[in-house]
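Listed here are the chains, written in short residue letters.
2 protein chains.
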Amino acid sequence: MGEIKEAKATLIGGMKFEGWAGSGHTVMMDAEEVHGGEGAGFRPMELLLVGLAGCTAMDVISILRKKRQDVTGLEVRVRGERADEHPKVYKNIEIEYIVTGHDVEEKAVARAIELSTDKYCGATATLRHTAEIKISYKIVDGD
Amino acid sequence: MGEIKEAKATLIGGMKFEGWAGSGHTVMMDAEEVHGGEGAGFRPMELLLVGLAGCTAMDVISILRKKRQDVTGLEVRVRGERADEHPKVYKNIEIEYIVTGHDVEEKAVARAIELSTDKYCGATATLRHTAEIKISYKIVDGD
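First to last, the protein sequences are chains A and B.
Each step along the first sequence adds one to the number in our numbering, with nothing skipped, and position 77 is 77.
Each step along the second sequence adds one to the number in our numbering, with nothing skipped, and position 64 is 64.
The set of hints was computed from the structure by calculation and includes no laboratory data.
It is possible that part of the hints are untrue.
Identical chains blur together in the list; that is why a pair holds if it fits in one copy or across any two.
Listed next, the in silico DMTMM-like pairs over lysine to aspartate or glutamate satisfying Cα-Cα at most 20 Å (straight line) [claimed, not checked]: (1) Lys138 with Glu38; (2) Lys91 with Asp118; (3) Lys91 with Glu105; (4) Lys119 with Glu94.
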C-alpha cells in the first residue's frame, strides 16, 4: 500500500472552513464575497497551485543542493488560468522559477527543473492532466 | 480568457517555504524530517487534498442551503493513497462527508454531493485523472 495522506475541511461559519492535514497543520479557507464568503482565507482552488509551487520548489532546492550549487534564495511563481465552464479546472499553468545565488550554473537549474517536472513532482504530474504547463526560469546573482 | 489564480512559494530556509496566493493569504510548507525538513508546515501534496476537501465542502454547503436544509455543521474528510513510484500521484482517494443538522434530507445530501463531484468541483475534476475517488456520507442529527 502507498503512503496515506489525510486532510479535512470543517465548517466554521458562513463559507469559512478550517483546513487540516495529517501533518497537524491548519489553514483557513473562505469563498470570495461574490460567492457568499468574506474572503477570510484561501480559495480552495488556490491551494492546488500553492501545493504545486511548494512541491516543485522542494524538488528543485534539494537537487540544486545535491549538485553543490550555492543557492541563497528560491521563489516559484505559479499562474493558473481556469476554464470558463464548470468545473473550471486549470487549463493553462505557467511556472516561473527565480533562483538566487552565487555562480549558480544554468545547466544545473535547467536539469533540476526538468527532473522535478518530468519525474518527481506529484502535483505537476496531477495538474498536467487538465493544464498545459509552461515553464521558465531566471537566475539572479546575489544573497 | 478564464479566471486567473496566482500562487507562490518562497524559500525561508532549510526545506521551509512560505506559500502565498493571490487572495493575499499565506501558509507555511515544510518537508518531513526524513526528507531534510523540520515538519514545520504542510507537505505540499497535502495541500492538494485540503483544497479538494474545501472545494467540495463549499459546493455542498451552498447547495444544501439553497435546498433550505437546516445544516449546522459540515466536515469533509479526505484520505489519499499515493502511488509507490515517483511522481507518487494520488491513486485512490476517499472522501467522507459528515453533515450535521436538523431533519436534513438524505436525498438532498446525496444530490449536493453528486452535483459537486460531477459538475462543480474543479479539484475533484482534476484529481480524478490520477485517482479513483470513492465517496461516502453520514448525516448526524444535532447542532
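Going through the hints against the structure:
1. Lys138 with Glu38: Neither, since 36 Å and 28 Å both go past 20 Å.
2. Lys91 with Asp118: both (18 Å within a copy, 18 Å between copies)
3. Lys91 with Glu105: Intra 32 Å, inter 36 Å, cutoff 20 Å: neither.
4. Lys119 with Glu94: within (18 Å within a copy, 25 Å between copies)
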